[in-house]
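All chains should be modelled from the sequences, with the hints used to inform the complete structure.
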Amino acid sequence: MDADEHAPGPPLPRVSILCHDLSTNALGRSLLLAELLDGLTEVEIAGVHSGPDLWAPARGHPVPIRVGPRVEDSTGLALARAWLADLPLGDVLLVSKPMPTSLGLVRSTTLSRTVAVALDIDDWEYGLCRATPRPLAHALALAAGPLIRQRPNHVARIRRLERHVAAIPHRLVSNAWLRDRFGGTVLYHVRDPEQLDPARVDRRAARAGLELDERVWVGFVGTYRPHKGVDDLVAALAAIEGDRAPGLLLVGMDTESREVRTLLTSAAAQLGAERLRVTGTVPLADLPAHVCAADIIAIPSKRSRASAGQIPAKLFDAMALARPVVATAVNDVPDILAGCGRVVAPGEVWALTRAIEELATDPEQRARLGAAARARLCSHYSYRQGRAVLAEFLRGLGR
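In the numbering used here, the protein residues as written are -1 to 397.
Note that these hints are calculated values from the structure, not bench results. Hints are supplied without guarantee of correctness; some may be wrong.
[As the list claims (entries may be wrong)] Now the in silico label distances, taken between C-beta atoms and shown as ranges:
1. 270 x 36: 37 to 47 Å
2. 336 x 12: 30 to 40 Å
3. 240 x 178: 37 to 47 Å
4. 203 x 270: 17 to 27 Å
5. 270 x 12: 46 to 56 Å
Please read all numbers here as calculations on a predicted model, not as lab measurements. Cβ atoms here follow ideal geometry from the backbone N, Cα and C, with glycine treated the same way.
This is the structure we're talking about:
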(Lines of atoms letter the chains of each structure in order from A and count residues from 1; the text may use other names and numbers.)
(Lines give C-alpha, C1' and ligand atoms only; values in the text may rest on other atoms or scores of the structure.)
Protein backbone atom coordinates (compact mmCIF):
# COMPACT_ATOMS: atom_id res chain seq x y z
CA MET A 1 0.00 0.00 0.00
CA ASP A 2 1.33 3.44 -0.92
CA ALA A 3 2.15 5.81 1.93
CA ASP A 4 -0.47 8.31 0.79
CA GLU A 5 -3.16 5.66 1.06
CA HIS A 6 -2.95 5.51 4.85
CA ALA A 7 -6.28 6.76 6.13
CA PRO A 8 -5.89 10.25 7.64
CA GLY A 9 -7.17 10.85 11.15
CA PRO A 10 -6.86 9.01 14.47
CA PRO A 11 -5.63 5.39 14.55
CA LEU A 12 -8.16 2.74 13.58
CA PRO A 13 -9.30 0.07 16.06
CA ARG A 14 -7.98 -3.47 15.76
CA VAL A 15 -10.43 -5.62 13.80
CA SER A 16 -11.43 -9.27 13.94
CA ILE A 17 -13.53 -10.41 10.96
CA LEU A 18 -15.88 -13.32 11.63
CA CYS A 19 -16.57 -15.40 8.50
CA HIS A 20 -19.54 -17.77 8.58
CA ASP A 21 -17.83 -20.53 6.55
CA LEU A 22 -14.11 -20.58 5.75
CA SER A 23 -14.51 -23.49 3.33
CA THR A 24 -16.75 -21.68 0.81
CA ASN A 25 -16.54 -18.56 -1.33
CA ALA A 26 -18.05 -16.66 1.62
CA LEU A 27 -14.41 -16.23 2.61
CA GLY A 28 -13.88 -13.98 -0.42
CA ARG A 29 -15.64 -10.97 1.09
CA SER A 30 -13.83 -11.45 4.42
CA LEU A 31 -10.50 -11.48 2.59
CA LEU A 32 -11.44 -8.27 0.79
CA LEU A 33 -12.23 -6.53 4.09
CA ALA A 34 -8.96 -7.77 5.59
CA GLU A 35 -6.92 -6.61 2.60
CA LEU A 36 -8.48 -3.15 2.80
CA LEU A 37 -7.48 -2.90 6.46
CA ASP A 38 -4.00 -4.36 6.03
CA GLY A 39 -1.50 -1.59 6.73
CA LEU A 40 -4.16 0.58 8.40
CA THR A 41 -4.61 -1.49 11.55
CA GLU A 42 -4.21 -4.98 12.98
CA VAL A 43 -6.65 -7.36 11.30
CA GLU A 44 -7.36 -11.07 11.25
CA ILE A 45 -10.09 -13.42 10.05
CA ALA A 46 -11.73 -16.09 12.18
CA GLY A 47 -14.50 -18.50 11.41
CA VAL A 48 -15.97 -21.97 11.43
CA HIS A 49 -16.11 -24.23 8.41
CA SER A 50 -18.43 -26.79 6.82
CA GLY A 51 -15.84 -28.65 4.73
CA PRO A 52 -12.44 -30.25 5.25
CA ASP A 53 -10.33 -27.38 3.89
CA LEU A 54 -10.18 -23.64 3.40
CA TRP A 55 -11.87 -22.29 0.27
CA ALA A 56 -9.44 -23.43 -2.43
CA PRO A 57 -8.64 -20.03 -4.04
CA ALA A 58 -7.65 -18.60 -0.65
CA ARG A 59 -5.14 -21.25 0.38
CA GLY A 60 -1.77 -19.66 1.00
CA HIS A 61 -3.23 -16.17 1.42
CA PRO A 62 -1.09 -14.05 3.78
CA VAL A 63 -3.96 -12.71 5.92
CA PRO A 64 -3.98 -14.44 9.36
CA ILE A 65 -6.93 -16.85 9.65
CA ARG A 66 -8.05 -18.50 12.89
CA VAL A 67 -9.86 -21.72 11.99
CA GLY A 68 -12.64 -22.74 14.35
CA PRO A 69 -14.51 -26.03 14.60
CA ARG A 70 -16.27 -27.78 11.77
CA VAL A 71 -20.00 -27.10 12.07
CA GLU A 72 -22.47 -29.48 10.45
CA ASP A 73 -25.17 -29.86 13.10
CA SER A 74 -26.34 -28.55 16.47
CA THR A 75 -23.40 -30.23 18.21
CA GLY A 76 -21.03 -28.30 16.00
CA LEU A 77 -22.85 -25.08 16.87
CA ALA A 78 -22.28 -25.74 20.57
CA LEU A 79 -18.56 -26.27 19.92
CA ALA A 80 -18.47 -23.08 17.88
CA ARG A 81 -20.01 -21.05 20.72
CA ALA A 82 -17.39 -22.34 23.15
CA TRP A 83 -14.62 -21.56 20.64
CA LEU A 84 -15.89 -18.03 20.03
CA ALA A 85 -16.26 -17.37 23.76
CA ASP A 86 -12.54 -18.03 24.26
CA LEU A 87 -11.35 -16.32 21.09
CA PRO A 88 -9.03 -13.30 21.56
CA LEU A 89 -10.69 -10.45 19.69
CA GLY A 90 -9.71 -7.05 18.41
CA ASP A 91 -11.48 -3.85 19.38
CA VAL A 92 -14.09 -4.40 16.66
CA LEU A 93 -15.77 -7.65 15.67
CA LEU A 94 -16.85 -7.24 12.04
CA VAL A 95 -19.36 -10.00 11.35
CA SER A 96 -19.52 -11.15 7.74
CA LYS A 97 -23.10 -12.00 6.72
CA PRO A 98 -26.18 -12.34 8.94
CA MET A 99 -25.82 -16.13 9.09
CA PRO A 100 -26.40 -18.51 12.02
CA THR A 101 -22.70 -19.49 11.98
CA SER A 102 -21.58 -15.85 12.19
CA LEU A 103 -24.12 -13.35 13.54
CA GLY A 104 -26.08 -16.16 15.18
CA LEU A 105 -22.99 -17.25 17.11
CA VAL A 106 -22.33 -13.69 18.28
CA ARG A 107 -25.91 -13.28 19.50
CA SER A 108 -25.76 -16.51 21.50
CA THR A 109 -22.23 -16.25 22.93
CA THR A 110 -20.67 -14.28 25.78
CA LEU A 111 -17.51 -12.91 24.19
CA SER A 112 -14.10 -12.89 25.89
CA ARG A 113 -14.09 -9.08 26.08
CA THR A 114 -16.33 -6.13 25.36
CA VAL A 115 -16.01 -5.19 21.70
CA ALA A 116 -17.89 -3.08 19.20
CA VAL A 117 -19.89 -5.32 16.85
CA ALA A 118 -20.52 -4.35 13.23
CA LEU A 119 -22.16 -6.32 10.43
CA ASP A 120 -21.21 -6.68 6.76
CA ILE A 121 -23.96 -7.83 4.37
CA ASP A 122 -22.88 -8.70 0.84
CA ASP A 123 -25.82 -10.90 -0.25
CA TRP A 124 -29.49 -11.31 0.53
CA GLU A 125 -29.03 -14.70 2.20
CA TYR A 126 -32.73 -15.53 2.57
CA GLY A 127 -33.27 -14.69 -1.10
CA LEU A 128 -30.41 -17.00 -2.07
CA CYS A 129 -31.97 -19.83 -0.08
CA ARG A 130 -35.39 -19.37 -1.64
CA ALA A 131 -34.30 -18.64 -5.21
CA THR A 132 -34.56 -22.23 -6.40
CA PRO A 133 -37.81 -24.06 -5.53
CA ARG A 134 -37.15 -27.28 -3.64
CA PRO A 135 -40.58 -28.87 -3.14
CA LEU A 136 -39.19 -32.15 -1.78
CA ALA A 137 -36.94 -30.41 0.75
CA HIS A 138 -39.85 -28.18 1.80
CA ALA A 139 -42.09 -31.22 2.34
CA LEU A 140 -39.38 -32.95 4.36
CA ALA A 141 -38.92 -29.84 6.49
CA LEU A 142 -42.61 -29.78 7.30
CA ALA A 143 -42.62 -33.49 8.10
CA ALA A 144 -39.32 -33.76 9.96
CA GLY A 145 -39.44 -30.33 11.57
CA PRO A 146 -36.81 -30.12 14.33
CA LEU A 147 -34.61 -32.82 12.76
CA ILE A 148 -34.19 -30.91 9.50
CA ARG A 149 -33.72 -27.64 11.40
CA GLN A 150 -30.65 -28.99 13.16
CA ARG A 151 -28.73 -27.94 10.05
CA PRO A 152 -26.78 -24.86 11.22
CA ASN A 153 -27.65 -22.62 8.27
CA HIS A 154 -31.15 -23.90 7.58
CA VAL A 155 -33.36 -21.38 5.77
CA ALA A 156 -35.66 -21.10 8.79
CA ARG A 157 -32.73 -20.02 10.98
CA ILE A 158 -31.57 -17.53 8.34
CA ARG A 159 -35.04 -16.02 8.05
CA ARG A 160 -35.35 -15.58 11.82
CA LEU A 161 -31.90 -14.05 12.06
CA GLU A 162 -32.63 -11.51 9.31
CA ARG A 163 -35.23 -9.96 11.63
CA HIS A 164 -32.45 -9.11 14.09
CA VAL A 165 -30.21 -7.26 11.63
CA ALA A 166 -31.60 -3.91 12.79
CA ALA A 167 -30.26 -4.65 16.28
CA ILE A 168 -26.73 -4.13 14.91
CA PRO A 169 -26.65 -0.35 14.35
CA HIS A 170 -23.40 -0.30 12.35
CA ARG A 171 -23.76 -2.04 9.00
CA LEU A 172 -21.84 -2.30 5.74
CA VAL A 173 -23.55 -3.48 2.56
CA SER A 174 -22.14 -4.33 -0.86
CA ASN A 175 -24.72 -2.56 -3.05
CA ALA A 176 -27.62 -0.13 -3.14
CA TRP A 177 -30.32 -2.84 -3.10
CA LEU A 178 -29.03 -4.15 0.22
CA ARG A 179 -28.75 -0.59 1.54
CA ASP A 180 -32.41 0.01 0.70
CA ARG A 181 -33.42 -3.23 2.44
CA PHE A 182 -31.15 -3.21 5.50
CA GLY A 183 -29.68 0.29 5.69
CA GLY A 184 -25.98 0.86 6.10
CA THR A 185 -22.91 2.16 4.30
CA VAL A 186 -22.22 0.86 0.79
CA LEU A 187 -18.81 -0.75 0.30
CA TYR A 188 -18.65 -2.37 -3.13
CA HIS A 189 -16.43 -5.35 -3.97
CA VAL A 190 -13.58 -2.97 -4.72
CA ARG A 191 -10.39 -4.18 -6.36
CA ASP A 192 -6.68 -3.29 -6.32
CA PRO A 193 -5.83 -2.04 -9.83
CA GLU A 194 -2.11 -2.45 -9.15
CA GLN A 195 -2.52 -6.12 -8.30
CA LEU A 196 -5.05 -6.66 -11.11
CA ASP A 197 -3.10 -4.95 -13.87
CA PRO A 198 -3.40 -6.38 -17.40
CA ALA A 199 0.09 -5.08 -18.18
CA ARG A 200 1.47 -7.62 -15.70
CA VAL A 201 -0.17 -10.59 -17.47
CA ASP A 202 1.40 -12.56 -20.33
CA ARG A 203 -1.86 -12.95 -22.20
CA ARG A 204 -0.37 -15.01 -25.02
CA ALA A 205 1.00 -17.55 -22.54
CA ALA A 206 -2.29 -17.62 -20.62
CA ARG A 207 -4.25 -18.38 -23.78
CA ALA A 208 -1.77 -21.04 -24.83
CA GLY A 209 -1.99 -22.69 -21.41
CA LEU A 210 -5.77 -22.88 -21.71
CA GLU A 211 -5.57 -24.11 -25.31
CA LEU A 212 -7.54 -21.17 -26.67
CA ASP A 213 -7.32 -20.85 -30.44
CA GLU A 214 -7.58 -17.63 -32.44
CA ARG A 215 -11.35 -17.38 -32.20
CA VAL A 216 -12.87 -14.89 -29.75
CA TRP A 217 -13.42 -16.46 -26.33
CA VAL A 218 -16.16 -15.39 -23.92
CA GLY A 219 -15.30 -16.04 -20.29
CA PHE A 220 -17.45 -16.79 -17.27
CA VAL A 221 -15.40 -16.80 -14.07
CA GLY A 222 -16.67 -17.84 -10.65
CA THR A 223 -18.66 -20.33 -8.63
CA TYR A 224 -21.56 -21.84 -10.57
CA ARG A 225 -25.06 -21.16 -9.29
CA PRO A 226 -28.30 -21.51 -11.30
CA HIS A 227 -29.17 -17.81 -10.91
CA LYS A 228 -25.89 -16.77 -12.54
CA GLY A 229 -27.32 -17.55 -15.97
CA VAL A 230 -24.56 -19.71 -17.43
CA ASP A 231 -27.21 -21.74 -19.27
CA ASP A 232 -28.40 -18.52 -20.93
CA LEU A 233 -24.82 -17.77 -21.93
CA VAL A 234 -24.44 -21.22 -23.49
CA ALA A 235 -27.67 -20.75 -25.44
CA ALA A 236 -26.60 -17.27 -26.57
CA LEU A 237 -23.30 -18.58 -27.91
CA ALA A 238 -24.94 -21.60 -29.53
CA ALA A 239 -27.07 -19.19 -31.59
CA ILE A 240 -23.91 -17.80 -33.23
CA GLU A 241 -22.85 -19.96 -36.15
CA GLY A 242 -19.77 -20.20 -38.33
CA ASP A 243 -16.27 -21.64 -38.24
CA ARG A 244 -14.99 -18.73 -36.15
CA ALA A 245 -17.98 -18.46 -33.81
CA PRO A 246 -16.95 -17.41 -30.28
CA GLY A 247 -15.98 -20.06 -27.77
CA LEU A 248 -16.85 -20.33 -24.08
CA LEU A 249 -14.24 -20.38 -21.30
CA LEU A 250 -15.62 -21.49 -17.93
CA VAL A 251 -13.26 -20.82 -15.01
CA GLY A 252 -13.86 -22.03 -11.46
CA MET A 253 -16.19 -24.96 -12.14
CA ASP A 254 -16.61 -27.57 -9.42
CA THR A 255 -16.74 -30.68 -11.58
CA GLU A 256 -17.69 -32.77 -8.52
CA SER A 257 -21.07 -31.01 -8.51
CA ARG A 258 -23.96 -32.77 -10.24
CA GLU A 259 -25.36 -29.41 -11.36
CA VAL A 260 -22.05 -28.44 -12.94
CA ARG A 261 -21.68 -31.79 -14.70
CA THR A 262 -25.17 -31.39 -16.15
CA LEU A 263 -24.30 -27.87 -17.32
CA LEU A 264 -21.06 -29.02 -18.95
CA THR A 265 -22.78 -31.88 -20.75
CA SER A 266 -25.34 -29.45 -22.15
CA ALA A 267 -22.66 -26.92 -23.12
CA ALA A 268 -20.61 -29.54 -24.94
CA ALA A 269 -23.68 -30.74 -26.84
CA GLN A 270 -24.63 -27.21 -27.93
CA LEU A 271 -21.18 -25.79 -28.66
CA GLY A 272 -19.00 -28.76 -29.48
CA ALA A 273 -15.65 -29.57 -27.92
CA GLU A 274 -13.81 -27.07 -30.11
CA ARG A 275 -15.77 -24.14 -28.61
CA LEU A 276 -15.64 -25.11 -24.93
CA ARG A 277 -12.84 -24.89 -22.37
CA VAL A 278 -13.32 -25.62 -18.65
CA THR A 279 -11.10 -25.22 -15.60
CA GLY A 280 -11.66 -25.99 -11.95
CA THR A 281 -11.13 -23.52 -9.14
CA VAL A 282 -7.93 -21.51 -9.45
CA PRO A 283 -5.85 -19.75 -6.76
CA LEU A 284 -6.53 -16.03 -6.42
CA ALA A 285 -2.97 -15.37 -7.62
CA ASP A 286 -3.79 -17.07 -10.95
CA LEU A 287 -7.07 -15.20 -11.47
CA PRO A 288 -5.63 -12.33 -13.58
CA ALA A 289 -4.22 -14.69 -16.21
CA HIS A 290 -7.51 -16.56 -16.55
CA VAL A 291 -9.56 -13.38 -16.83
CA CYS A 292 -7.17 -11.80 -19.33
CA ALA A 293 -7.18 -14.94 -21.47
CA ALA A 294 -10.80 -14.21 -22.40
CA ASP A 295 -11.64 -11.59 -25.02
CA ILE A 296 -15.00 -10.79 -23.39
CA ILE A 297 -16.26 -11.45 -19.86
CA ALA A 298 -19.95 -12.32 -19.51
CA ILE A 299 -22.01 -11.86 -16.35
CA PRO A 300 -25.45 -13.12 -17.47
CA SER A 301 -27.30 -13.21 -14.12
CA LYS A 302 -30.98 -14.09 -14.20
CA ARG A 303 -33.63 -11.96 -12.50
CA SER A 304 -34.36 -13.81 -9.26
CA ARG A 305 -34.38 -13.50 -5.50
CA ALA A 306 -30.78 -14.67 -5.52
CA SER A 307 -29.52 -12.00 -7.92
CA ALA A 308 -31.65 -9.17 -6.51
CA GLY A 309 -29.25 -8.44 -3.66
CA GLN A 310 -26.02 -9.54 -5.31
CA ILE A 311 -23.28 -7.79 -7.25
CA PRO A 312 -20.93 -10.41 -8.75
CA ALA A 313 -17.41 -9.73 -7.47
CA LYS A 314 -16.02 -10.96 -10.77
CA LEU A 315 -17.50 -7.88 -12.45
CA PHE A 316 -14.88 -5.76 -10.68
CA ASP A 317 -12.10 -8.24 -11.51
CA ALA A 318 -12.98 -7.93 -15.20
CA MET A 319 -13.09 -4.13 -15.04
CA ALA A 320 -9.72 -3.91 -13.30
CA LEU A 321 -8.19 -6.18 -15.94
CA ALA A 322 -9.60 -4.08 -18.79
CA ARG A 323 -11.89 -6.77 -20.15
CA PRO A 324 -15.00 -5.69 -22.08
CA VAL A 325 -18.03 -6.88 -20.12
CA VAL A 326 -21.45 -8.04 -21.29
CA ALA A 327 -23.79 -8.23 -18.30
CA THR A 328 -27.47 -8.31 -17.47
CA ALA A 329 -29.30 -5.45 -15.76
CA VAL A 330 -29.54 -6.73 -12.20
CA ASN A 331 -28.87 -4.75 -9.04
CA ASP A 332 -26.41 -1.85 -9.59
CA VAL A 333 -24.83 -3.32 -12.74
CA PRO A 334 -26.27 -0.72 -15.17
CA ASP A 335 -24.86 2.14 -13.08
CA ILE A 336 -21.49 0.47 -12.59
CA LEU A 337 -21.06 -0.26 -16.31
CA ALA A 338 -22.49 3.04 -17.56
CA GLY A 339 -20.39 4.02 -20.56
CA CYS A 340 -17.93 1.16 -20.14
CA GLY A 341 -19.82 -2.08 -20.81
CA ARG A 342 -22.76 -3.68 -22.58
CA VAL A 343 -25.88 -4.29 -20.48
CA VAL A 344 -28.90 -6.33 -21.61
CA ALA A 345 -32.14 -7.40 -19.95
CA PRO A 346 -31.86 -10.56 -17.82
CA GLY A 347 -33.23 -13.69 -19.45
CA GLU A 348 -33.25 -12.24 -22.98
CA VAL A 349 -30.94 -14.71 -24.68
CA TRP A 350 -31.36 -13.04 -28.07
CA ALA A 351 -30.08 -9.73 -26.64
CA LEU A 352 -27.13 -11.49 -25.05
CA THR A 353 -26.36 -13.12 -28.41
CA ARG A 354 -26.49 -9.80 -30.23
CA ALA A 355 -24.25 -8.01 -27.72
CA ILE A 356 -21.65 -10.78 -27.80
CA GLU A 357 -21.74 -11.04 -31.58
CA GLU A 358 -21.24 -7.28 -32.00
CA LEU A 359 -18.24 -7.25 -29.67
CA ALA A 360 -16.80 -10.43 -31.15
CA THR A 361 -16.61 -8.79 -34.58
CA ASP A 362 -15.31 -5.42 -33.38
CA PRO A 363 -11.88 -5.59 -31.70
CA GLU A 364 -11.63 -1.79 -31.52
CA GLN A 365 -14.86 -1.59 -29.50
CA ARG A 366 -13.61 -4.34 -27.21
CA ALA A 367 -10.40 -2.42 -26.56
CA ARG A 368 -12.26 0.84 -26.01
CA LEU A 369 -14.76 -0.66 -23.54
CA GLY A 370 -12.02 -2.53 -21.69
CA ALA A 371 -9.95 0.62 -21.22
CA ALA A 372 -13.03 2.56 -20.10
CA ALA A 373 -13.96 -0.17 -17.62
CA ARG A 374 -10.51 -0.11 -16.03
CA ALA A 375 -10.57 3.70 -15.84
CA ARG A 376 -13.95 3.59 -14.07
CA LEU A 377 -12.71 0.92 -11.68
CA CYS A 378 -9.70 3.05 -10.79
CA SER A 379 -11.80 6.17 -10.20
CA HIS A 380 -14.82 4.63 -8.42
CA TYR A 381 -14.23 1.05 -7.24
CA SER A 382 -10.56 0.72 -6.30
CA TYR A 383 -8.91 -0.11 -2.98
CA ARG A 384 -8.24 3.59 -2.52
CA GLN A 385 -11.97 4.37 -2.43
CA GLY A 386 -12.74 1.26 -0.40
CA ARG A 387 -10.17 2.06 2.28
CA ALA A 388 -11.58 5.55 2.70
CA VAL A 389 -15.12 4.19 3.14
CA LEU A 390 -14.05 1.48 5.58
CA ALA A 391 -11.83 3.77 7.66
CA GLU A 392 -14.63 6.33 8.05
CA PHE A 393 -17.06 3.53 8.96
CA LEU A 394 -14.79 2.14 11.68
CA ARG A 395 -14.13 5.57 13.17
CA GLY A 396 -17.87 6.08 13.39
CA LEU A 397 -18.39 3.06 15.64
CA GLY A 398 -17.64 5.08 18.75
CA ARG A 399 -19.93 7.95 17.91
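A quick look at each hint next to the structure:
| no. | hint | verdict |
| --- | --- | --- |
| 1 | 270 x 36: 37 to 47 Å | holds (45 Å) |
| 2 | 336 x 12: 30 to 40 Å | holds (38 Å) |
| 3 | 240 x 178: 37 to 47 Å | holds (44 Å) |
| 4 | 203 x 270: 17 to 27 Å | holds (26 Å) |
| 5 | 270 x 12: 46 to 56 Å | holds (55 Å) |
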